Structure formats: structure tokens, C-alpha cells
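Number of protein chains: 2
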Amino acid sequence: MSSIEDKFAKLNAEFAPGQEVRQSIDEVSIEIDKIPGTSVDFSHGDIDAHAPIPGSIEVFNEGFEVGGAQAYTEYRGSLEIREYLAEKLTNFTGWQIKADDQLLITPGTQGALFLAMGALVSRGDKVAIVEPDYFANRKLVHFFDGELVPVKLDYYNTDTRAGLNLEELEAAFKNGVKTFLFSNPNNPTGVIYSRDEVKKIAELAAQYNVSVIVDELYSRQLFDERDYTHLIAQDEINSDNVITIIGPSKTESLSGYRLGVAFGSPKIIERMEQLQAIVSLRASGYNQRVLKLWFDEPEGWIENRIKDHQAIRDDLVSLINTQDGFKVRPTEAGSYLFPEFPKLKVSLSEFVKILRVKAGVTVTPGSEFGPGFENSFRVNFSQDHQASVDAMKRIIQVVEELRQ
Amino acid sequence: MSSIEDKFAKLNAEFAPGQEVRQSIDEVSIEIDKIPGTSVDFSHGDIDAHAPIPGSIEVFNEGFEVGGAQAYTEYRGSLEIREYLAEKLTNFTGWQIKADDQLLITPGTQGALFLAMGALVSRGDKVAIVEPDYFANRKLVHFFDGELVPVKLDYYNTDTRAGLNLEELEAAFKNGVKTFLFSNPNNPTGVIYSRDEVKKIAELAAQYNVSVIVDELYSRQLFDERDYTHLIAQDEINSDNVITIIGPSKTESLSGYRLGVAFGSPKIIERMEQLQAIVSLRASGYNQRVLKLWFDEPEGWIENRIKDHQAIRDDLVSLINTQDGFKVRPTEAGSYLFPEFPKLKVSLSEFVKILRVKAGVTVTPGSEFGPGFENSFRVNFSQDHQASVDAMKRIIQVVEELRQ
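Same order as they appear, the protein sequences are chains C and D. Going by the UniProt record's numbering, the first sequence runs without a break in its numbering and finishes at 404. Going by the UniProt record's numbering, the second sequence runs without a break in its numbering and finishes at 404.
Careful: at least some of the hints might be erroneous.
Because identical chains share one entry, a pair is satisfied inside a single copy or across any pair of copies.
[To be verified] Derived SDA-like pairs (lysine to any residue); straight-line CA-CA distance at most 25 Å:
hint	residue 1	residue 2
1	Lys199	Tyr155
2	Lys393	Ile35
3	Lys267	Asp145
4	Lys358	Glu74
5	Lys126	Gly325
6	Lys10	Lys126
Honestly, the hints are just simulated from the structure, not real lab data. Keep in mind that this is a model prediction, so the values were computed, not measured.
Using the sequences and the accompanying hints, generate a full structural model.
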């Protein structure tokens, strides 16, 4: 196999969320009757059930009326909008952001992640990645020819911290890791790194001179009034080695506009812009305008969104916990649950195809998030409340029919 | 210098079109009085002077109303819109396109180019690039660690063909080139490859099994009723080795939506989608909807756009041709002119900074398009007609003051 064929073999996107329509389903011949019910696609949030920030389309239209000046921004994004975001994100994180050289607007948070990894990782570089974590993280390491160094998240053995194996992390750093990438809250489990964990990560990164990319995509959607600690704002860390990634696609349901933001080290931001110049030029100019609504939502809007999602979480967790052989750690932030289910007569990939074809339920298989998660699946429960509960009941019914 | 620092040194975007605002201008101390006049930014087209296809904002709003189904398309883009585009682009090119596996929607044509190069080029691969050609082409080869093999375009020595040095191209192919990337019409000169040139490229690519990426971004805007030959539709070539790139950002002024399309080889399209999954997920969902207007413009709209631009071209070319020491080949398609100017007392980078600061005119220096173009600059003349003529007069005035 040539090196490029090998590279793309590792990028297989067949099971990536949203791509299920491209799966071949010939092999789903298991004798299960169709289970009726409203189809639910748990692979991503339902923005029809949880609508975008009010006024987004009006603000987009304003941007179109502005014309050329809004269409052709600097590659790093409109200065006016970067200034707005710098102020809002300084308030949010407690770290002083300069609009000129510490912040970049990207086509979605995925875009920010790609640029940050491209700015830091080259052939042979060791990159520490948490397992489980966002499925694209590992693919990015492969794409940039880095060497993946996994660090375990023991998310079941604690409820006061995320459960990162800090000894493993230090050993990885000691062993030459140059970049550490992780999501907080963790995707797929929805657990939050404790203040102590974040401070220890900061300390180790400073000690071993490791660059850190932290994906804080869901950090506004905190349940049970939990605390959240922003890595970049900690005294222990050298902020010149940190990039934070965030965007309005999840809690705020602005995913259709493809908007993301990266902030932190001026040196890394500069490289990310150079890379953006050949990857996509800029986030769509008119779309950038919509960022003016972010962190300025109507009074109570975010609080209600969190309350609605916490209620869905509660119902799903209760339902899962009544089932023999199931196990789940309740989401602390964001809209993901990552339940473990009992051993089945079919493989994980067969199971998710059966769920989709026979029960009208799409989930993301655990194998997307790292090795060793063959008995887990991820759901994004930002769905219609009743439909998501009914869909979880259908999942449980299929598991009962297929269990060993 | 580490390998990643070296890589980013080659990606320097300071002189890239649209990035002039980030240039340091301290060194512009030449004694030239400011020349008054309406500022013109020739680095890209002016969509306020040449408006987007009518109805684009209404169609975008329809997309927003559709909601989740429009926001979350497959990574390769909405099937309905791919089917629409496949039909239109089949009619346009004469090559039968299947919507299912031969076409991908991307965030801008830049996005398509990045994905196509990422799908084909890996470390050490030889890539043939025309000089002069679009500035990002060479940067992409560096980014993917390819080896750049330049092929000369002798655009001044002919007016019946673009002037590609076909002997050089064959020698490059014979010498192990795996991928050939070129724009037709050529950027920055605006010349069209003749039928014979395109057929010879097709023949050589087939003979030496070279993959070809052809950027046809400006191929709808043909002047003087010229012919245009689509590479992928030629019998001589194996279409499994070809990707064609096109988009509505130029002639159609839809740049603010960031939309592009790639079509051709199913194998390469598949890889491009796998890569898009980690680069940006998809072109913004609502924005994709706007593609429904493309190739379905109101009667006479495209014809008028071409007529208006041909008239601007004529005035600029006449003006340039009256000047001693200037030389230009008239644009055959698209909105670029690439004039050569006489030797100056200042460097090219000083010259373009002086033009911007003292004459309110932004141009792109020839050095962005390859080595050996130190006495050329590119203008995109999709501007207000009178303002562009006045701005060209100011350029000529500055050259007169600075010439050796």
C-alpha cells in the first residue's frame, strides 16, 4: 500500500456521525422485526427541536447587505467581530484576549481543530490523545503523520473528576510528547475535568514544554451548577503554548453557519491563519456576522437551554440505570451520553446498523472514540425530549433481543 | 529550523490577496506625494460593483427555514443539490457526472483545491506546477511535503494558445511526476489553453499515468466569443485520474458564501470527503442552498456580466499599451490582467506598498505567482469601471516617478 493509501485507510469516515447514509447495509440480515417510532438521529443535535439563537437569520441578512466588506474579511476574520469576541471570551474564560493577534475565526470548530493540529504536528511528532475522546483527534494525528500516544480516561472510577490518568500523561510527556490534545468537557462521556486535573495538566505542560490544544466546545452547557476551569487562565501554564477552541454549533445550535473560534498563543494563531489561507481562505464572510449574537443571547435563553437538556439527561440516565448489564456515568456538561451495554450476539458495527434500519435510531459506535469501547455507543441527546426517551427504549429493546 | 517552522516559513501569507492590511509599512519612506482618487483593491473582485446572482439571499433564507435537514448534510454536500449540480455541470462540460460518487461540495474553491491536493500528494511526491499560476498551488505542494516541478507558460510568445511548454511538461512526467495542477483560464494571466494544448495534456497524462487537477474557476467568463476545452471531457484522458474544480465566487460574485465544487474521479472524490470530515466537516449547510441559483441565472445576466468585464478589460489594456516599458497580454477569460512594467528604483514589495499607501491601489505582486515575475503585478479588474481606469492611471503615474 502506498503511503497515501495507507493514510486514507485510517481516515475512513463510514461510521462518522452524520455519514450513516453512506453505510452499506446489505449484511443486516438479522431476524428482528421493525420497531415503530419516531426516527431519532443521536449522531448530532436536532436544531429543529432546539432552535438557533433568536435573530441569527436577521443578523446574517444584515451581513449580506454590508456587501463586499463583510464578504472579504481578513483570513483570520473580521476585525470588528474579533474585537467583539475577544471581549466576550475574556469575560467567559478570565484570560485577557487581544483581538489583533490572539484570536482566529474558522469554518466551524472542526476547522479550528484541523488548523491547530496542522500548526503544531509534523512527521514523527508524538501527540498525546485521551481515550476515549472526539473521533477526529486520532484521525488528525494520522493525517499529519504524527505518532499517537494514548492516555487513559478512567471515567467510571470517580465522580469528582474526569478521571484522566495523570501518571500516564506525565510518562507520555517525559517520553517526548510535543502536543497534547483533549476535549473538556470530554466527548463522548460529557465529564468535566476538575480544577485539580486542569491545574496538573497546566503544570506538566509547563514542566515538559508541551503545547496543548483544548477543545472547550460544550463548556457553556454545565449541569447541576458545576464549576468549570479554563486551562488557559491558569497561572501554572505558559499561555504561549496553548490554543483553546470553542464555537456556537452545539449549545447555541448555529451549526448550519459553520463557525468556530480559536484563541491563545499569537505564534500558533499566526500559523493557523497561514494555513487557513490555503485550506479555505476564511469562514464565510456573511456567516461571521452571526457571531455577534453569541454570548449576548436573550436573558434566560442559555439557562433554559441548559435546564431542558438537564431534564432529558435525567430521563435517559434513569432509563438506562434500570437495565441489567447497562452502565452510564451521567453527563456533567454538554449533550453526550456514552452508555456501556451488555455483550451481544452481533458485532458493534452490526448492532448500530440494526438500530438504524430496524429501530430508526442512529447512534455513534464506541469504536470511533478509541480502541476498547466495543460495548459503548454515544448519543447526542439534544433532541426532542419525548422522542429521545422513546428512542432509548427502542435501543434497550434491541439490546434485549440481541444479548448473549 | 525545525521541519514545521520551515514549512510555515514557505506559507507566508503577508502578500496574499486580501491580507495587505497585515503588512508592516514602516519602510515606505519614499518621497512620493499622495495621489488622490477612489481607493481600488485589485487583489479581488468588488462584489458591490458587480452584485451576486439575484435572489441569493432569499434562497439562503429558504435554506435556514428548512432547518436541520439543510444544516446537517452529508460531508460531501446535500444529495438534492449535488443532483442539481451534476446535471448543470454535465451540460456545461459535456462530461456525464454522477451525483452520487463523482461530485463534492466544498467551502469555496480554495477548499476544493486543498482537499484535492491532500488526496493526491504525500511526502516526496513530484508535482508539476505551471509558472506563473495561482499562488496557493506552490504553497500546497510545500505543505504536503511534495517536490515542486515547475513548467513554464510562455504566455507572451503566442496568441493562439496559452503557451504551455509541452516539452517541459513531458520531461517532467517522464521524470516521475505523479500529479499535475493547473488553472484554465490561467491565473494570473487570463489566457485560455487551446484545444490542442488541452488534448496534449490529456494524452501525456494518460501515457504517463499522471493525476490532473484542473482549476476551471473562471471558465464561464469567456471574452471575444472564444472556445473553451474541458480536460475531463476529452477522449484522450482517463477521467479516473482527473479532478475538476469550479465555483461561483468569481463571475457570479457569491464569494461571501464560500462555495466550491469538485467533480471527477470517484476514488479521489471519496478521499476528498474523508479529508473534509477532519478539515471542516462540510460547506455551511444553509450556504449550500445558494448553489441552486448557479447555472440558472436570469436570462442575459451572464452575458451582461461578460460584456461589462470585457469593456473594462479593453480600457485597461488600451491604457497600458500606450505606456512605454509596459507590456500585457489581453485577458481571454476571467477578470485578471498581469502587466509587466519597466525597471524601478525600488523592489517589487516596496512598489506594491507604495501603491497602496500613496495611491490607494492594491495589487498582487508577481512574485506570488512564481519566481521570475519581479516586474509584473496582477489586477482583478472586476471593479467599478471608471474607478479601475482611474486607479490604473495612478499605477502608471507611480511607475513613472519610480522608474530607473
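Hints, verified against the model:
{"no.": "1", "hint": "Lys199 to Tyr155", "result": "within (18 Å within a copy, 61 Å between copies)"}
{"no.": "2", "hint": "Lys393 to Ile35", "result": "within (10 Å within a copy, 74 Å between copies)"}
{"no.": "3", "hint": "Lys267 to Asp145", "result": "both (22 Å within a copy, 22 Å between copies)"}
{"no.": "4", "hint": "Lys358 to Glu74", "result": "between (49 Å within a copy, 22 Å between copies)"}
{"no.": "5", "hint": "Lys126 to Gly325", "result": "neither (37 Å within a copy, 55 Å between copies)"}
{"no.": "6", "hint": "Lys10 to Lys126", "result": "both (17 Å within a copy, 23 Å between copies)"}
Violated hint for the displayed structure: number 5, the only one.
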